[in-house]
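Visitor: Here is how the chains run, residue by residue.
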Amino acid sequence: MMNFLKLVHNENIKIYIRKRTWILLGILIVLAIGIPSFIAAQGGGDMGVWGGVGILMYFNFLPIIFSAVIAAESVASEFTGGTIKLLLIRPWSRIKILASKFIAVLLFLLAVSVAFFGIGLLVSYVLLGTGVAGSAPTAIQAQGIWLSVIYTMVDGLLYTTIAFAISAVFRSSMLALALTVIFEFMGSVVTSLVSPEKYAIGKYLLFVNMDLDQYTGSPLGRYGVTSLSFSLTVLAVYFVAFLFIAAYVFRKRDVAG
Amino acid sequence: MNQTDAKSSAGPVVRFREVSKIIGGKTLVDNLTLDVQPGEVFGFLGPNGAGKTTTIRMLVGLISMSTGDIQICGKSITTDFENAIESVGAIVENPELYSYMSGYGNLMQYARMRSNVSKERIDEVVAFVGLTERIQDKVRTYSLGMRQRLGVAQAILHRPKLLILDEPTNGLDPQGIRELRDYLRALAHKEGTAVFVSSHLLTEMELMCDRVAIIQNGKLIEVQKVQGDTGEGTEKTEVEVEFEVGDAAIAVQKLGAGEAKGGHLVIRIEHSDIAKINARLVEAGIPVSGIRVLKRSLEDQFLEVTGGVKS
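Protein chains in written order, with numbering that gives the first Met the number 0: chain L, 0 to 256; chain H, 0 to 310.
Quick caveat, the hints were computed from the structure, so don't treat them as lab data. Honestly, I wouldn't trust all of these hints.
The calculated lysine to any residue pairs, modelled on SDA-like cross-linking and capped at a C-alpha distance of 20 angstroms, are [as the list claims (entries may be wrong)]:
{"hint": "1", "chain 1": "H", "residue 1": "Lys118", "chain 2": "L", "residue 2": "Asn9"}
{"hint": "2", "chain 1": "L", "residue 1": "Lys95", "chain 2": "H", "residue 2": "Arg111"}
{"hint": "3", "chain 1": "H", "residue 1": "Lys160", "chain 2": "L", "residue 2": "Leu86"}
{"hint": "4", "chain 1": "H", "residue 1": "Lys137", "chain 2": "L", "residue 2": "Pro90"}
{"hint": "5", "chain 1": "H", "residue 1": "Lys253", "chain 2": "H", "residue 2": "Ser288"}
{"hint": "6", "chain 1": "L", "residue 1": "Lys251", "chain 2": "H", "residue 2": "Asn93"}
{"hint": "7", "chain 1": "L", "residue 1": "Lys5", "chain 2": "H", "residue 2": "Met100"}
{"hint": "8", "chain 1": "L", "residue 1": "Lys251", "chain 2": "H", "residue 2": "Asn82"}
{"hint": "9", "chain 1": "L", "residue 1": "Lys95", "chain 2": "H", "residue 2": "Phe80"}
{"hint": "10", "chain 1": "L", "residue 1": "Lys251", "chain 2": "H", "residue 2": "Thr78"}
{"hint": "11", "chain 1": "L", "residue 1": "Lys18", "chain 2": "H", "residue 2": "Lys74"}
{"hint": "12", "chain 1": "L", "residue 1": "Lys18", "chain 2": "H", "residue 2": "Lys253"}
{"hint": "13", "chain 1": "L", "residue 1": "Lys18", "chain 2": "H", "residue 2": "Asn82"}
{"hint": "14", "chain 1": "L", "residue 1": "Lys95", "chain 2": "H", "residue 2": "Glu119"}
{"hint": "15", "chain 1": "H", "residue 1": "Lys137", "chain 2": "L", "residue 2": "Asn11"}
{"hint": "16", "chain 1": "L", "residue 1": "Lys5", "chain 2": "H", "residue 2": "Arg120"}
{"hint": "17", "chain 1": "L", "residue 1": "Lys251", "chain 2": "H", "residue 2": "Gln135"}
{"hint": "18", "chain 1": "H", "residue 1": "Lys74", "chain 2": "L", "residue 2": "Ile16"}
{"hint": "19", "chain 1": "L", "residue 1": "Lys18", "chain 2": "H", "residue 2": "Gln135"}
{"hint": "20", "chain 1": "L", "residue 1": "Lys95", "chain 2": "H", "residue 2": "Ile21"}
{"hint": "21", "chain 1": "L", "residue 1": "Lys5", "chain 2": "H", "residue 2": "Asn82"}
{"hint": "22", "chain 1": "L", "residue 1": "Lys18", "chain 2": "H", "residue 2": "Thr77"}
{"hint": "23", "chain 1": "L", "residue 1": "Lys251", "chain 2": "H", "residue 2": "Thr66"}
{"hint": "24", "chain 1": "L", "residue 1": "Lys251", "chain 2": "L", "residue 2": "Ile94"}
{"hint": "25", "chain 1": "L", "residue 1": "Lys18", "chain 2": "H", "residue 2": "Phe80"}
{"hint": "26", "chain 1": "H", "residue 1": "Lys160", "chain 2": "L", "residue 2": "Gly143"}
{"hint": "27", "chain 1": "H", "residue 1": "Lys137", "chain 2": "L", "residue 2": "Ile16"}
{"hint": "28", "chain 1": "H", "residue 1": "Lys74", "chain 2": "L", "residue 2": "Asn11"}
If the Cβ cut is set under 8 angstroms, some of the chain H residues that face chain L in the computed set are [claimed, not checked]:
{"hint": "29", "residue": "Val59"}
{"hint": "30", "residue": "Glu85"}
{"hint": "31", "residue": "Ala89"}
{"hint": "32", "residue": "Asn93"}
{"hint": "33", "residue": "Glu95"}
{"hint": "34", "residue": "Glu119"}
{"hint": "35", "residue": "Gln153"}
{"hint": "36", "residue": "Ile155"}
{"hint": "37", "residue": "Arg158"}
Incomplete in silico selection of chain H near chain L, CB under 7 angstroms [claimed, not checked]:
{"hint": "38", "residue": "Ser65"}
{"hint": "39", "residue": "Tyr97"}
{"hint": "40", "residue": "Met112"}
Ideal Cβ placement from N, Cα and C applies to all residues, glycine included.
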């Protein structure tokens, strides 16, 4: 177990030694500090901490994309750099190597989340205050924001896993990233074609169940045919399926060229 | 269990058994059966595209075998990968390392994946490959020769029982090649490591290896001892002989055979015919001031078995 952590440590080094990782984290930190500061400078002090974080949430696609970028690089860059050969001839099975990479990628998702929401929350609290303490609207607002953050992280987990799996299957970080972004945009097109309201199968589509924020408005979701627990189950199945495919292909692959 | 362990440690380090690799109907490696013993430098020689790298890839488990099995220290690379690869250090094709890390950072990556590599061992290996001065620099700034040496360093870090080097002298200068050759021979003969080296450079293999396997079109053509073997076994009676004569061109003309090379007559004849040819030359009025049997180089043998044409 200790030794496996060393593999994760290796993968962490590969992520954090690169300048671009710090540029991505830097952008998030600048936003997390800048947006509450801007609001405070505009004299929006009465918005309170939750109002500030609420506005920051408009940018919540950024930590997700950045996390997907690193996930897309994780396996693919070993192939494009040719370093995969020297990595796989160590006394570690391919599954363990892949697992160490996935764990490092998940830790990065955690890092971008902390950099964005954590710092955003802290700066908002310091600059904008608590609003009207203990009042009912503030409590409801706070609960909504927390749920939003958690839902964003669930989406982030899915997109990161998709990018990671495509990266492991196709060995191209460009393709992994492009497909992940296309997935995101194609989602609405596919769901309008196979509308869950018309076709029973529609409600099992990945995109119908992502963006869990849909359940803050209505317990039956955007299409009125799903529920939070249903969506979580569907997402869990997709999550496992993506990882299974990635592991299967990675384990079987002939590493040549 | 103990019995098989004892057996395997005494036996060959590598056992290829009827190994084939077929991709898309094309046979890249064809029914290869071969043993590599501890303490020998084993050369794997063949023209480009002969299947050398494919074989090495199967040996280290990077690609699967279509048929057959490879055992390293008695453990199958297919069914017992982690234990089989434990004994292996390798460079496969070019040593591609993390260019954005320092040489030291790269070695640390591989050291962390083993339990038996100390900091002292890393320093020792770095000093051995002559990278001490530059080891903290990014690999991006390294020359091809330095990368090759870093590649060697990662391969020997954990003192493997089997060292596999794919075209190891690529990018090395003559001095570096010589050092590597001396090191590999010392490693094999003093520490009992089995060294498996592939190359398409014949003369290099002659100097480096104890035995050489010649492979062409995926097939094993021949396995030969190299060092201390004059190549004049009873079955190979045909030898190349050089006669020192006054005028080689006239000698060739009178004899109706052989060729003039560097002012000497060089002719390929059976060993027992040397005296006869000498007599014929003298009869023809051509004084012979010296006769030398040219040792058949591995190159001649290589070209012979692979049917290549000497340029």
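Visitor: Take the hints in turn and mark each one as holding or not.
Guide: Going through the hints against the structure:
1. As the CA atoms of Lys118 (chain H) and Asn9 (chain L) are separated by approximately 16 angstroms, the hinted pair is consistent with the 20 angstroms bound.
2. At most 20 angstroms may separate the alpha-carbon atoms for a hinted pair to count; Lys95 (chain L) and Arg111 (chain H) meet this at roughly 14 angstroms.
3. A C-alpha spacing of about 19 angstroms is found between Lys160 (chain H) and Leu86 (chain L), which places the hinted pair at or below 20 angstroms, so the restraint holds.
4. A distance of roughly 26 angstroms separates the Cα atoms of Lys137 (chain H) and Pro90 (chain L); the hinted pair therefore is violated under the 20 angstroms criterion.
5. Of the supplied pair hints, the one linking Lys253 (chain H) and Ser288 (chain H) holds, its CA atoms being roughly 17 angstroms apart against a limit of 20 angstroms.
6. For the given pair, Lys251 (chain L) sits about 23 angstroms from Asn93 (chain H) by alpha-carbon distance, which is inconsistent with the 20 angstroms threshold.
7. A C-alpha spacing of about 17 angstroms is found between Lys5 (chain L) and Met100 (chain H), which places the hinted pair at or below 20 angstroms, so the restraint holds.
8. Straight-line distance between C-alpha atoms of Lys251 (chain L) and Asn82 (chain H) comes to about 19 angstroms, which keeps the hinted pair within the 20 angstroms bound.
9. The suggested pairing of Lys95 (chain L) with Phe80 (chain H) holds, with an alpha-carbon distance near 13 angstroms, which does not exceed 20 angstroms.
10. As the CA atoms of Lys251 (chain L) and Thr78 (chain H) are separated by approximately 13 angstroms, the hinted pair is consistent with the 20 angstroms bound.
11. Annotation: proposed proximity of Lys18 (chain L) to Lys74 (chain H) is violated, straight-line Cα distance about 42 angstroms (limit 20 angstroms).
12. Our distance criterion of 20 angstroms between C-alpha atoms is broken by Lys18 (chain L) and Lys253 (chain H), whose separation comes to about 77 angstroms.
13. Between Lys18 (chain L) and Asn82 (chain H) the alpha-carbon distance is near 37 angstroms, which puts this suggested pair outside the 20 angstroms criterion.
14. Of the supplied pair hints, the one linking Lys95 (chain L) and Glu119 (chain H) is violated, its CA atoms being roughly 28 angstroms apart against a limit of 20 angstroms.
15. A distance of roughly 18 angstroms separates the Cα atoms of Lys137 (chain H) and Asn11 (chain L); the hinted pair therefore holds under the 20 angstroms criterion.
16. About 18 angstroms separates the Cα atoms of Lys5 (chain L) and Arg120 (chain H), which keeps this hinted pair within 20 angstroms; it holds.
17. Between Lys251 (chain L) and Gln135 (chain H) the CA atoms are separated by roughly 36 angstroms; this puts the pair beyond 20 angstroms, and the hint is violated.
18. Between Lys74 (chain H) and Ile16 (chain L) the alpha-carbon distance is near 37 angstroms, which puts this suggested pair outside the 20 angstroms criterion.
19. Our distance criterion of 20 angstroms between C-alpha atoms is met by Lys18 (chain L) and Gln135 (chain H), whose separation comes to about 18 angstroms.
20. A C-alpha spacing of about 28 angstroms is found between Lys95 (chain L) and Ile21 (chain H), which places the hinted pair above 20 angstroms, so the restraint is violated.
21. In summary, the hint linking Lys5 (chain L) to Asn82 (chain H) is supported, as the alpha carbons are separated by about 19 angstroms, within the 20 angstroms threshold.
22. Between Lys18 (chain L) and Thr77 (chain H) the CA atoms are separated by roughly 39 angstroms; this puts the pair beyond 20 angstroms, and the hint is violated.
23. Taking the CA atoms of Lys251 (chain L) and Thr66 (chain H), the gap is near 15 angstroms; set against the 20 angstroms cutoff, the hint holds.
24. For the proposed pair Lys251 (chain L) and Ile94 (chain L), the alpha carbon gap of about 10 angstroms is at most 20 angstroms, so the pair holds.
25. Under the criterion of a C-alpha separation no larger than 20 angstroms, the hint pairing Lys18 (chain L) with Phe80 (chain H) is inconsistent with the structure, at around 36 angstroms.
26. Proximity of Lys160 (chain H) to Gly143 (chain L) is assessed by CA-CA distance (about 61 angstroms); at most 20 angstroms being required, the pair is judged violated.
27. Under the criterion of a C-alpha separation no larger than 20 angstroms, the hint pairing Lys137 (chain H) with Ile16 (chain L) is consistent with the structure, at around 12 angstroms.
28. For the hint linking Lys74 (chain H) to Asn11 (chain L), the alpha-carbon distance of about 32 angstroms lies beyond 20 angstroms, and the restraint is violated.
29. The restraint placing Val59 (chain H) at the interface with chain L holds, with a minimum CB-CB distance near 5 angstroms, inside the 8 angstroms limit.
30. Proximity of Glu85 (chain H) to chain L holds as hinted, the smallest CB-CB distance being about 5 angstroms (cut-off 8 angstroms).
31. Restraint check, Ala89 (chain H) versus chain L: the minimum CB separation of about 5 angstroms is within 8 angstroms; hint holds.
32. Interface restraint check: Asn93 (chain H) against chain L, minimum CB-CB distance 7 angstroms, threshold 8 angstroms, status holds.
33. With its C-beta approaching chain L no nearer than about 3 angstroms, Glu95 (chain H) sits inside the 8 angstroms limit, and its interface hint holds.
34. Here the hint on Glu119 (chain H) is broken, as its CB sits about 18 angstroms from the closest CB of chain L, past 8 angstroms.
35. A distance limit of 8 angstroms between C-beta atoms decides the matter here; for Gln153 (chain H) the minimum to chain L is near 6 angstroms, and the interface restraint holds.
36. For Ile155 (chain H), the shortest C-beta to C-beta distance to chain L is roughly 13 angstroms, which exceeds 8 angstroms, and the interface hint is violated.
37. Using the Cβ-Cβ criterion of 8 angstroms, the hint placing Arg158 (chain H) at the interface with chain L is not satisfied: the shortest such distance is roughly 14 angstroms.
38. Among the interface hints, the one on Ser65 (chain H) is violated; its C-beta lies about 11 angstroms from the nearest C-beta in chain L, farther than the 7 angstroms criterion.
39. The beta carbon of Tyr97 (chain H) comes within 6 angstroms of a beta carbon in chain L, closer than 7 angstroms, and the hint placing it at the interface holds.
40. With its C-beta approaching chain L no nearer than about 4 angstroms, Met112 (chain H) sits inside the 7 angstroms limit, and its interface hint holds.
In summary, the structure is inconsistent with hints 4, 6, 11, 12, 13, 14, 17, 18, 20, 22, 25, 26, 28, 34, 36, 37, 38 from the numbered list given earlier, while agreeing with the others.
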